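> Each chain, written out:
2 protein chains.
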Amino acid sequence: MILKVKNARLQSGDDLATLWVEDGVFIDTPPPEQLTKDGHESYDAGGRLLLPGFVDGHAHIDKSLWGMDWYENDVPRNLEAIVENERRFRRENSFDSHQQSQRISEQALRQGTTHIRTHIDVDTEIGIAHVEGVLATKEALKDKIDIELVCFPQSGMIVRPGTYDVMDAGMKAGCDLVGGIDPSTFERDPVEHLDQVFKLAEKYGKGVDLHLHEPGELGAFSVELMIERTKALSMQGNVTISHAFCLGEVSQEHQEKLAADLGENSISIATTAPANRTVPPFDLLRKHGVEITAGNDGIRDTWSPYGTGDMLQRAMFMGLKYRWRKDVELQKALYAITQGGANVMQLKDYGLETGCKADFVLLNSRNHAEAIVAGPVDRTVFKRGECVVEDGVLI
Amino acid sequence: MILKVKNARLQSGDDLATLWVEDGVFIDTPPPEQLTKDGHESYDAGGRLLLPGFVDGHAHIDKSLWGMDWYENDVPRNLEAIVENERRFRRENSFDSHQQSQRISEQALRQGTTHIRTHIDVDTEIGIAHVEGVLATKEALKDKIDIELVCFPQSGMIVRPGTYDVMDAGMKAGCDLVGGIDPSTFERDPVEHLDQVFKLAEKYGKGVDLHLHEPGELGAFSVELMIERTKALSMQGNVTISHAFCLGEVSQEHQEKLAADLGENSISIATTAPANRTVPPFDLLRKHGVEITAGNDGIRDTWSPYGTGDMLQRAMFMGLKYRWRKDVELQKALYAITQGGANVMQLKDYGLETGCKADFVLLNSRNHAEAIVAGPVDRTVFKRGECVVEDGVLI
Numbered sequence: 001m002i003l004k005v006k007n008a009r010l011q012s013g014d015d016l017a018t019l020w021v022e023d024g025v026f027i028d029t030p031p032p033e034q035l036t037k038d039g040h041e042s043y044d045a046g047g048r049l050l051l052p053g054f055v056d057g058h059a060h061i062d063k064s065l066w067g068m069d070w071y072e073n074d075v076p077r078n079l080e081a082i083v084e085n086e087r088r089f090r091r092e093n094s095f096d097s098h099q100q101s102q103r104i105s106e107q108a109l110r111q112g113t114t115h116i117r118t119h120i121d122v123d124t125e126i127g128i129a130h131v132e133g134v135l136a137t138k139e140a141l142k143d144k145i146d147i148e149l150v151c152f153p154q155s156g157m158i159v160r161p162g163t164y165d166v167m168d169a170g171m172k173a174g175c176d177l178v179g180g181i182d183p184s185t186f187e188r189d190p191v192e193h194l195d196q197v198f199k200l201a202e203k204y205g206k207g208v209d210l211h212l213h214e215p216g217e218l219g220a221f222s223v224e225l226m227i228e229r230t231k232a233l234s235m236q237g238n239v240t241i242s243h244a245f246c247l248g249e250v251s252q253e254h255q256e257k258l259a260a261d262l263g264e265n266s267i268s269i270a271t272t273a274p275a276n277r278t279v280p281p282f283d284l285l286r287k288h289g290v291e292i293t294a295g296n297d298g299i300r301d302t303w304s305p306y307g308t309g310d311m312l313q314r315a316m317f318m319g320l321k322y323r324w325r326k327d328v329e330l331q332k333a334l335y336a337i338t339q340g341g342a343n344v345m346q347l348k349d350y351g352l353e354t355g356c357k358a359d360f361v362l363l364n365s366r367n368h369a370e371a372i373v374a375g376p377v378d379r380t381v382f383k384r385g386e387c388v389v390e391d392g393v394l395i
Numbered sequence: 001m002i003l004k005v006k007n008a009r010l011q012s013g014d015d016l017a018t019l020w021v022e023d024g025v026f027i028d029t030p031p032p033e034q035l036t037k038d039g040h041e042s043y044d045a046g047g048r049l050l051l052p053g054f055v056d057g058h059a060h061i062d063k064s065l066w067g068m069d070w071y072e073n074d075v076p077r078n079l080e081a082i083v084e085n086e087r088r089f090r091r092e093n094s095f096d097s098h099q100q101s102q103r104i105s106e107q108a109l110r111q112g113t114t115h116i117r118t119h120i121d122v123d124t125e126i127g128i129a130h131v132e133g134v135l136a137t138k139e140a141l142k143d144k145i146d147i148e149l150v151c152f153p154q155s156g157m158i159v160r161p162g163t164y165d166v167m168d169a170g171m172k173a174g175c176d177l178v179g180g181i182d183p184s185t186f187e188r189d190p191v192e193h194l195d196q197v198f199k200l201a202e203k204y205g206k207g208v209d210l211h212l213h214e215p216g217e218l219g220a221f222s223v224e225l226m227i228e229r230t231k232a233l234s235m236q237g238n239v240t241i242s243h244a245f246c247l248g249e250v251s252q253e254h255q256e257k258l259a260a261d262l263g264e265n266s267i268s269i270a271t272t273a274p275a276n277r278t279v280p281p282f283d284l285l286r287k288h289g290v291e292i293t294a295g296n297d298g299i300r301d302t303w304s305p306y307g308t309g310d311m312l313q314r315a316m317f318m319g320l321k322y323r324w325r326k327d328v329e330l331q332k333a334l335y336a337i338t339q340g341g342a343n344v345m346q347l348k349d350y351g352l353e354t355g356c357k358a359d360f361v362l363l364n365s366r367n368h369a370e371a372i373v374a375g376p377v378d379r380t381v382f383k384r385g386e387c388v389v390e391d392g393v394l395i
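These protein sequence lines map, in sequence, to chains A and B.
Counting from 1, one number per residue, gives the positions in the first sequence under my numbering.
Counting from 1, one number per residue, gives the positions in the second sequence under my numbering.
Just so you know, the hints here were simulated from the structure itself, not pulled from any lab data.
Every value quoted in this text rests on a predicted model; they were computed, and no experiment measured them.
All C-beta atoms, glycine included, are put in the ideal place defined by N, C-alpha and C.
Treat the hints with care, since some could be wrong.
What the hints assert, rightly or not - Which bits of chain A does chain B cover? Going by a derived footprint, with three or more residues having C-beta under 8 Å, they are:
no., segment
1, 64–77
2, 114–127
3, 175–189
4, 327–333
5, 373–382
The shape of chain A in the complex, shown without the other chains (with noise of 0.2 Å):
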């Protein structure tokens, strides 16, 4: 059946447009007499603004308390402390990562996330559980959400030694990328744990995202050493590194310099773009053709009780990280949380083109600018076609 979605806004002013889709894909506007012969179902969009759907670029949808009992945040400002909290926490309670991460999902649908990059811990006293608990509700929602997996060492691999056998466990599960966690800082032995993380990655023909909280040189250090493995392994186009905070903490010519050469080798950024640390340099990064993706990062869990899900609210805090008050300036933060997350993970067939799926919002806004800063409830979202979610409820 085709279906036809009339009035809907493309871009600010009057001009509402028509979109056509067969099969869960965009079509060019089909021949009368095709419409004559098959029929079909038409939806309007009543000067919604339409997007395509949005896409959570890093995520941690294994680990959200939504839906539970309120976690009283008491714990102490440090990675280790706070991923030691974390285990206890696991350990303590009763805590079932299919049912979160599906019910962070859609909390995230519900907003009009169609795309999300999820890392998932796996360590050695949860084992790979947290992987078949997202893979789970990946297989729940596959008719809803695309879901991406990346294997996380949240808790060290070197540092915890048997943890690369889990790794390696989760990546056999499924997981579609491989993760890792401060090679220096955390892990205190940058070159092992990058060799285990391409490792694996090379073994499974994966790709690697890994996060980096590593401040200035130090940080710059570990982008070094991952350029490095991206160039001998020729995985251009297949590394992708999380917050990045360092990219913005070296001089000005070491910022060219790493920009330059993630451009060359296709090494993704994705961001957060928290409040309270430098990020990455936008700007320079585009200019170097650097893809960058917008994450939601850990919603409501045992980390920060911050996050509702929405990436138009992310969309917002990179707009007012990077300053960006003109109309075309916000496009950037679009970019991140559309077509720049998209690409990041080489989603394929991703737009409003032709030929592209039908993952789209609408939204009460009337334009760009004022869905990200003005936060429009009640949306409704198409994923390949088909109704999801009306009006902020789950079909």
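Use these hints to put chain B onto chain A, whose structure you have.
Below, chain B alone, put in the same frame as chain A:
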């Protein structure tokens, strides 16, 4: 008539409270015989969280474009250009500061704000038209929201001769405080600017609230000049410095000295907790007894498209900027948008205690932290014991 507000959640946990209001003021539980004799109305809070009405301690309600056609922002990034652009916008467009200040005030009220301190542009082009507009709004909303006016030389006094007289007229018309703006970077003569500001304050027996965006040591110099004048004129308790990024930018030793001097002279700070600038050192300032208020600043104006009028969103921005993740840390953000703001504005009888004016908000949140991070919708607001907003709708 006595009002009984039952089933109100004052903190996390299962305990629900009953509050009593008479003549717009919280009272102790009345004796049964009084209730029998006089009768009472009853309002069921239904377990919703009850907070005192929010205080927006730094607003620009006279310049908001809320409810107007979308303003496409293409303004260069420097203070002079932004201010000049705004004056041009006003010359070229019909702009009704009464209508606009009322619109954004009502939008704020719908989200629980019951008190606003707003800076109001005066200059040699618009004169005191905006002061008159906001005074009309203040009168129109006098039973719903309290508005305090700062006479604000947005376009400068020294660099724009004739503005002093307009400021004088604005104070005469009924402004509550004298405003000012970057004495060195914008006005180019810190001593002369501050002398004029404090002269007006002295003349009208009013306080001062000055915009200070100046960086580092230069900003700190302006702070020092303000401290000197506060001392000399015995204006302790009546001076606020807005933004004051510099307080977090100078050396630790200098920060300590400034915080101590500010505390000693009861000079308060207003912050918007911007993601892209350094913020005043909250804990250090509070340690020295400095009162801190949070403000939504300009909302949806020619300066910036951001903001919705929601002080809980501002509290979230504070939490993200100051990296407050613990529940107890988030109390600081809540303080800033409630009692801290009330202290800065020297509000009499603010709060939930017996004798305080019954200004409060009801939220679908389990506790204070959740109210800040989740941005609950459909709020109900009482002003002096009267329901003025029910489930997000203005009554």
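> With reference to the structure, classify each hint as holding or not holding.
We went through each hint and held it up to the structure:
Residues of the segment 64–77 of chain A with a Cβ under 8 Å from some Cβ of chain B number 6, which satisfies the need for three, so the listed coverage holds. With 0 residues carrying a beta carbon less than 8 Å from a beta carbon of chain B, the segment 114–127 of chain A misses the three-residue requirement, and the given coverage is violated. With 0 residues bearing a CB less than 8 Å from a CB of chain B, the segment 175–189 of chain A misses the requirement of three and the coverage assertion fails. By the rule of at least three residues with a Cβ nearer than 8 Å to a Cβ of chain B, the coverage given for the segment 327–333 of chain A holds, with 3 such residues.
Residues of the segment 373–382 of chain A with a Cβ under 8 Å from some Cβ of chain B number 4, which satisfies the need for three, so the listed coverage holds.
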